[in-house]
Structures are given as structure tokens and as C-alpha cells.
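S.K.: Residue numbers (the working numbering), protein chains in the order written: chain A, 32 to 272; chain B, 396 to 984; chain C, 6 to 228; chain D, 12 to 235.
Just so you know, the hints here were simulated from the structure itself, not pulled from any lab data. A portion of the hints provided could be inaccurate.
EDC-like, lysine to aspartate or glutamate: derived pairs with alpha carbons at most 20 angstroms apart [stated by the list, open to error]:
hint: 1; chain 1: D; residue 1: Lys117; chain 2: D; residue 2: Asp223
hint: 2; chain 1: D; residue 1: Lys228; chain 2: A; residue 2: Asp84
hint: 3; chain 1: A; residue 1: Lys170; chain 2: B; residue 2: Asp566
hint: 4; chain 1: A; residue 1: Lys173; chain 2: B; residue 2: Asp972
hint: 5; chain 1: A; residue 1: Lys79; chain 2: D; residue 2: Asp135
hint: 6; chain 1: A; residue 1: Lys209; chain 2: B; residue 2: Glu974
hint: 7; chain 1: A; residue 1: Lys170; chain 2: D; residue 2: Glu160
hint: 8; chain 1: A; residue 1: Lys209; chain 2: D; residue 2: Asp135
hint: 9; chain 1: A; residue 1: Lys168; chain 2: B; residue 2: Glu974
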Amino acid sequence: MRKVGVAGAFAVGLMALAVAGSGWNGAQAGATITGTIKFTGAKPVMAKIDMSDEPVCKAKYQAPPTKEDVVVNGNGTLANVFVYVKAGLPATYKAPAAAAPVVLDQDGCRYHPHVFGLLVGQTLSIKNSDGIAHNIKAKGVKNRPFNISQPNTMTTPRTFTASEVMVPLECNVHGWMKASVGVLPHPFFAVSGTDGSFKISGLPPGTYTIEAWHERYGVQTATVTVAGAQAKTQDFTFAAH
Amino acid sequence: MTTVAATHDVGHGEHAPSGFWRKYIFSTDHKTIGIQFLFLSLFFLLLGGILAMQMRWQLGFPGKPMPGGGILPESMAPGGVILPEYYIQLVTMHGTFMVFFAIMPLLVGVFANFLIPLKLGAHDMAFPRINMASFWFAFAAGMVMLASLFVPEGAARAGWTMYAPLSARPDLSGAELGQKLWSVSIVLLGLSSILGSLNYITTIINNRAPGMTWFRMPLSVWSLFITAILGLLALPVLSGAAIMLLFDQTIGTHFFDPPAGGQPLLWQHLFWFFGHPEVYILILPAMGMVSDIIANGSRKPIFGYHSMVFAIIAIAFLGWIVWGHHMFMSGMNPTLGSSFMISTMVIAVPSAIKTFNWMGTMWRGNLRFHVPMMHAVAFVAMFVIGGLSGIFMAATPVDMHIHDTYFIVAHLHYVLFGGSLFALFGAITYWYPKMFGRMMSERWGKIHFWLTFVFYNLVFFPMHNLGMAGHMRRIYDPTQYDFLKPLQPLNTFISVCAFLLFASQAIFALNFIISLFRGQKAPQNPWLDNGLEWTLPNPAPHGNWAQIPSVYRGPYEFSSPEVEEDYLPQTRKLPTDREPAVLSSGAPS
Amino acid sequence: MTHATASLMRPPFPAERGVDAHNLKLGMWVFLASEVMFFTALIGSYVILRFGAPGEWAKPGVVLNIPVTAFNTFLLICSSVSMVKAFAAISDGDQKMLKVWLLVTIIGGAMFVGIQAYEYTHLIHRGFLPSGVREGSELAELVANGTLPAATMGLYGSTFYAMTGFHGFHVTCGVVAMAYLYLFRVRRGKYSQQDYRGIEAVGLYWHFVDLVWIILFTIVYLI
Amino acid sequence: MQWWLPVQASTFAPQIDGIFTAILIITGLAFVVVEGGLIWFIFKYRERPGRKAFYTHGNVKAEYIWTAVPAVVMVGLGLTSNHYWNEIKGRNSVPPNAYPIKVHAKQFEWLFTYPGPDRRLGTDDDITEVRNKLHVPVGQPVVLEEESEDVIHSVFVPAFRVKQDAVPGMQIRAWFIPTLIGEYDMGCAELCGMGHYKMHAKVTVQSQADFDAWLAKAAQGDIE
């Protein structure tokens, strides 16, 4: 009986080490990749959205709202680009359990955020703060598509079971409402913000294929090798067409 | 007292089944199968009613949490507030359960099975085992449809008419498994209905007692015969269409898929080619049974028996060439619209004939208002309103305004609820003693009748006005439209009356269940009727008659001068009657 | 009351005159009326879809193998003839020849279904599916080089598999029914000159299925 | 409360309301005759002891009357309806000078395309994808060229008495002449999914001048 106890303790110790080692959690440990998404060429003019049919949403805007397919920032960089680690993670890597749910807010008849990512199994709580009817159709291919409606102010939780980049979301009542969600088995992803920059941190050492995805301008990939707590820069440039 | 039926018909020689399973569950006795259908379809009638109440709550009080809505899953009614996708499931399943699993089985499953052998003087159906199979296919279809309510994404949601491509593509409807289960269930129901119909037709043609000539058959059997023919020829088309829809939903065929050349109108043509004979399947048996009950209640022969029979046949024949009036606005060729309009106008004539004949029967009668008679007269009164409101839709320009509005909902409920369901309340009360050997309470029957009659009219008549104002069908929240906001008080009023109507059905349910055990023992012929079924004890034994009776006259010889009582049973041999010529086949009778 | 010795081939007795056919035969005729409506729905849809198709329909013989199916049709017609022989045998009371001809009919039917199944596997292998043409299959190249119209191949596959599939299903049911009769009724001498109703009913059904196939073979394979 | 038909805002409305009223009178008459007769019979012929019903099997002459009368009335109604039906939906009922507007129906919204100054659709001066807003000039024939992207929808403007399904894979036309300036509702009359009730569009009938002004502004993209 005793021999079993000792073996048991030893096994648990080993497992804890393995989990700690591979979990590699915590933003501070591990390498970081940052960069900016440059944009060249003429800035496309986005069409105005006619929200006169929904006064509740229309009242939330001073200037008439425009479509969000291409958002070019003041400093010539591109927002809403989803950058993530496509390949290169060690096979033994195990993602930490997803903590807080990601909130997708429908405010002013628009999705906030327009492009975002979440872990497989992480809860996406879809919030309708407009109080008017929206429906949310997720046209997943690896993920089972769903089509739910929210006739007034409410929140509906959903989860995605398979990794898929990207799952398009749309509202059929308001044809212009579109969003894209990247479902990944690991937390190494980022979305370029209003300054066009992105930051992926906490990477275990290794050679990674990074992919930058944009709704209209497609994807670009790059290979980055990081070691220890190194910070690497990797920029992407999208040309207008 | 079980007597051994001693003739050489196939399968009638064996003794009455004794074990519980053979007697009640896997029985081949047409009466037991009729009663099995009765309990199955009353359950689905209740379920259809519950779905309707949820719909009425959402229409009467849009967006407000439904009392008791907490039991519903979050994906259907979070916090008791009904979601739009749940509302269109309610619409679809209310229509499906009521049409396919309540009214049709009640009329055809219960009363064709129960009445045909008894009223024709046969031991049982021509094919008892196929008859049992017909019930168990209907039971399976019902369970599949019931299960589709509880599948993860919810039940089918494209209306009971299941128009493609909404029904064929889960990405557009939001339900995948629910839609497939609907198709599977309808195919099973089609099979059950075909097996039933072929049984009724064979029994009526070949198994009538000696002397029961074609024009001595009661009108209820005539209508069940014509209904069986309609069912026999219409249900396979629905099964074929449901199979094609199932293939579109499962293995990716393109029958109704426009991008690949499929035609959504093909589904509508197939569905309504079945659909219109179906609505005559839902009304003809009710007309037949009402004719029997009115003749009995008036103590007077039916007025114009032959014209009633020809009217049934005319309705059945014309029923096949009018289906396009459901599709005037569907993009079908307008010239087709004209021809369907003319045939639809013509089909109003046989209905008018029947109505005037019922009135002729009551004219100078000796009206005895037992509960079935009250329901029968209410049937005539309500069916007239339903028939007349149908004429508005037959006129194609007017249909342009009222198609797919609540005017249609009012029309169909006047003929289905005011028509078939009132006739069914009457028929169940009328043949209850023959089924269970006890009488339903007359007092509670009358209370239930008056409550139902009043609330029924308060619920469905104002829907004509909603329809005239343009209130579209299957709208989750009418307050979205400015032109419907002034009508919202009417919607609320209709909903409140609908709840009261539903509540008053408890009286019928209690009367039905309590009378099973504590109802007054039924005399041999409680309604003093002439039918063959009343020559048997209540409830009738297996195999019905030991000796096939002979028939000497028609079923409606009430107040006949030949006898002093005001009724003259078909099997009573008067000195002046001749023995019917029997088919000589060399076998001793 | 013992069972009468008179022939059972008459309508039930005592009864009012109906149709001069025993219940089983009348029941089968009525059932065949419903089957006619079922196949009318399928064939009617085929006709409407084909005439309303967005492009021209695939030429006969390109996808479907006409020689093999022609032989299959001949086979089914022969099995119909052998069914008539079986019926004639038992109506003369010859149980032995009934056994022989019924067996021939069962084998004919089973071979028909077998050939049909082989045809299906062969077609699916070449890429012909109920949903149309599988990418990267032999037929996909034919569509690519234009011998097969791309716009209507989806309908072509759907209608073909629905109609011939359900006809095959009905033939299989017929074969199973005849095998059941053969094993549990014919071999036990249940049928005699006085009572061969089962054979008459199954024979009616078999001729119906054969007639439907002749229509299907013409409108699906030949035109 | 509103108990009668909606406001008459197109040339069809008076015609259709006329037939509606005619049928209402005929059916009202039949209703009174039958229900009145039933109630009268119920009281007059209720069971009284010792009385026996009148033994009759029918009366052929009466049958003829109540077969012929409804038949004549029905055929009459049929012919009048057919006349208006051909006028409204007949094969060549659309006036040649009708102002074409494309209606693109999709799950849960209507997208209208206006032909622009050249009054012809499919040219590059079209004003495309105007959402849930149908503006029409008063007094002129307008034809809706309906198409659907996914399921069957149905254009329904109660004030114009106009209804026409939009079926995916088919081009269907529905025409009308608006007669009353004002703003009306348009909804979807065919169940098209969970948002069927939200397919609510505003129909605005304007004078020619206002219509042209609105169209010019819409061309610049600021739609009010």
C-alpha cells in the first residue's frame, strides 16, 4: 500500500510540473510579438448606413454612421486586422481554461467589437443593448451554424466547439451589421486597434507562423522565431485594391 | 357475452382476444382501434390547444412574460418572454398537430374505424391486421412529431404548409433536426392514412350486410367512403412531396433549391394538390355525421338523401381541381388563377345544397335537443359562416387583399373549429354509449356547449375584421406596424376570450373522463335511432354480430306512417318487407 | 359452423353485392391506386423540373448506362411473365408448377434489384450523386468540357435517384413479399385451386411495379 | 378601433372594396336567411308531446332552386372577379409607361432600387439598395420588379390592396397607381423565418416634385 502512495505522490508532482511548464501562463513570462499594420494606397470611401428606419439606433450617432468593412486610422494604419499564431506551438501545449466570457455588444445597430477572437469553449455573451429586434446568425463551417433572435434587451450565451478562423456573424434584420470571430485553441491572438498596432505575448520559445487576416484584403503570413522573454517586431502591409 | 361469429369470412372465426395486450394494445378489433385513435387524437387536440394559448398570449400581450412560461427553455422563452423563433414554431406545430394529429384522426381514424363495420353490418374491417398497422403508424408519426418539439434547436417552423425553401434549408430557418422530423412524421402519417383508407373502401364496397344497398347506407358512411377515396389519392402525393423535402434536407438534392434549378412553387403545387382534398377530408365526415344526428334529432327523414349523396361526390370531385386558389398570389400564372377561381366558385354550390338540405330536415320536424343535436345545429350555423367567408377569397381581386391575413385564419377556424370540432363534440357524445356503455352527462354537456359556442364566436369572428384591416398571418409582434397599433385592443380581447374558451374545454374533458366510470348506464338504443349499431349491446362485443343481420330499409325512416313509434330501425322486418336477395355462392348462410 | 368448402375466390358472404372480387384483390387494386398517385407525384415533379430547368437537360446515355438497364428492363418483364405462369399454374391447381414459376419470378426480381444496386454503386463511383456531380470525379470533367450541362446536373441527380430509388424500394418489397409467400404459404401447400388469393394479389402488385418501371425507363433513360 | 377596410390609396382599392362589399351583401343575405331560418325552425318545430314530424324525403323542386340560385350567383361573381383580375394581374396588365422599381426581398428587410433620371433599371444611374423605404409618385403607374434572395417573401401594402409573393429564382411584377399622398405601411405577408414580423417598410406617396427632390437627395446617398 505504501509503495503505491509514494508512486502516487511522485506522479502528481510530475504532472504539476508539466502543467506549470507547458501552461506558460502569465503575460510576463515568455516572448512577445508586436507590430503595426501599415496601409498603402487610396483610402476607400465607406458608404453611409441609413438607420432612419430604427430611430433608437440613429439617435446614438451625431455624424451618419458608415460601414466598417475597411477602417483606416489617422496614422495610415489599418484597424480590425486579426493577427494570430497559425502554427508553431509545441504539440504538448495545453491552453489555460478560458476565464471571463467575451462580450459582443449590439449597440447603435452595430457590433462592438467588429473583429475579435476567443478560445474554443469560451463563452461568448451576445448582448443586445439596443432593445430593438436583432438576430444573430453565425455561419460557421467547422462550428455548427446557429441563428438566434433577440427581440429586446437581453443577453444570450453561446460557445464555439471547434477552432475556426473566422466565423462570420451577421444580423439579417439590419443587413449592414457584420462581425467576424476567430475561434482558436490558444490565447495567442490580437486585433489591430485605432493605432494599427497589435501585441501577442506569453509565447513559449519556438518558431511561429503568424497570420494577419483582414475582412476585405485577405491574409498575409510571416514566420517569427522567439526565445525566452524576447520581444520581436513583425509588421504587415496591406495595399488598397 | 362474446359470441363466435360464424361465417366463412377471412379471420372472423377466431375467439375474442382475451389477454390484456391482444385485447387493448395490439387489438385488431375495429372498435378498439377506433378508441385507441380517440385517446391519441384527444391528447394531440389538447397539445394543439396549449400551443394555441401560448400564441394567443404573445399576440394579446406582446413581449410580456407568459405566466407559467418559466418552464420553457431559455433558448425558446428566456424569462417566460416568447422569442420570435419559438413563436413561429408555435404557429407551425399548432397547425400541424391540429390538422394532421387531432382533427383528421378524430374524424377518419376514430369514426371511420368505429362506425363503418357497425353501420354496415360487418363483423370487422376487411383487413383487421392492416387496420391495426394503420393505428401504430399513426402512433409512431405522432411520437416523432411530439419528439420534434424537444430536440435541441426546436421544432419545424415554416408554417403547417412548410413552404420551401424556408423548410428545406436549415441555415435560413434556424432548425435542422426539427424540420427533418416533421418530414419523417408526415411520411409515416401518409402511410398510416393510406392503409386506413384502403381498409375503409374495401369494407364499404364488399362487406355490407344483405339489403344494405348503396342508397340505404347512412350519410355518415357515404361521407366516410368518399373521404377514404380522397385520403387514398391525396396522401401519397403529400408523402411523395415530404420525401422530396426530406431528401432536400438530408442528402442535398435540389427539388426546391432555386440556385440549382429547383422550384419553390413545385412544393406549393404538390402540397395544395394534397391540401385541398385534405380540407375536404377534414369536413366531409363531419357533414355525414351531422346529417345522421340532425335526422335523429328532428325525428324526420333527411331532406333530399340522393342530392346529399351527389353533393358529397361533387365536393369530392371538384376538390381535386381547385387547389390553385391557395396560390393566387404565389407567382403562379394569372390565367391559371382565373380557372381555379371558376372551379372554386362552383364548389360553393354543393355546400349550399347540403346546408339547405339540413335546414329542410329540420323544417316541420319534431326537434329533440339532446347535446349531439345542439352541436349539430351549431355546426350548420357555424359552417355557413365559414362557407360564406370562403367566397370572399374565391374572388381573386379580393383575395389579393385578404390572402395570408387573419381573414383566412377566421375562415379556416370557422370551418375547422366551428365545423369539424363542433360536429366531433356531438359525435363523441352521440356514440359514447356505444363505445363505453355509459352516457355522458346531459347537463354538463349543455354547459360545455353554450360556453364553447359563445367564446368560440367571440374569439374567431373579430378575426374577420383583423383580416380586413390587413393584419398579416404569423406576425410575432403586431405593434411593430403603425396600421396595426389601433387593432391591438382587438387582439388582446381575442386572446382573453381564447383563454376562456380553452378553460371551458375542461368541462368536456372532465365529462368525458368521469362518465367513463360514473356515467349513467346506457340503454340499448339511447337516442332511439334506426342504425344497425343500436341493435348491438353497449359496448358492442368482438365480431359484432353472431349472424350478419339483414337490412330492409334506409337509415332515416323517422316518423314513418307504417309504425306508431317515431323511429323504424333498418333491421326491423315488417310484414310487408321482402328478404334481401343474397349472393348465392353455394355456401350455407 | 365449419368452414364452407365453396371457393374463397368469391367476395365475402353473406353480403350485399359489391365488386365481384374477393377482399384481397379489391384491397390490392385500391392500394395500387394510391401507389399510382405516389409515382404521379414523383414523375410529375420530374416533368415540371425538367421543363422548367434553367439549362438544357443531360443527353441520354452520357451518364446512365442504357444497355445494362435495357437488359434489366427485359429481365423485369420476364419476371412479370413468369408471375403470370405461376398464377395460371395455381388456377389449374398445379402446386408444383406454382412453386417453380414463383421461384423464377423471385429470382428475376432479385436480379433486377441486384443490377440496379450495381448500377448505383457504379454511378456513385463515377461521381453521380443525388446532389449532382462530385468534384474531381470522372463526370466532373465531362461537366467541365461541356458534354454535361452544369446548370441542371443537380436536378438530374435528384430526380434520377428519387424515382429509380423508390421504384427499387418497391421492387424489393415485392421480392420480400413473394419470398415470404413462397416460404410460409406455397411450400406448405396453403394455396389450392379453391384459394389462391395471395398469389393473385402479389401478381397484381408485381405487374404494377413492372409497368411503373417501363414508364420510368422510358422517361429517365431514353429521352 | 378599425372595423372596416383600410384607407383607399390606390386605383385598385375602390374596385376591390366594391367587390368586397358586393360579396358582403350577397353573403349577408344568405347569412340572414340561413341563420334566421335555423333559429325560427328551432323554436317553431321544437318537440311537443304527441306530435309527429312531417314524413317527407325531400322536394326535388326545392333542390333545383337552391342549386340554381347559388350557381348563378357564383358564376356571376366569378365573371366580375375575373374581369378585375385580368385588369390587375393579367399577363399584359402592366401599363407600358409604368415607373419600374426593383424590390429585392431578403431575410428580414426590403432593398429598393430606383431607376434614376433615365427611368430605366439596370443602368448605372440607378439608386440602389435603399432599405425599407418605398417612395412613389402620386397618380402614375408604378411596377415593382420583385425578386427574392433566400426564401419566399410577399410584398403587401394594405392601403394599396396590393399583394405579390417574391419567389427566389423568379422575376415577378406587381403594379399599382397610388392616388392618395401620405405615408403607409408595407409588410411581408408570407412566413419567411424568425424576423418575418420585422420586415416593415415605409411607403411614401409624394407629388412628382417632392418625389424628384427626394430621389436627387437619395442619389447623393443621404437618405432621410
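S.K.: Name the hints, by number, that the structure is in violation of.
M.R.: 1, 4, 6, 8, 9
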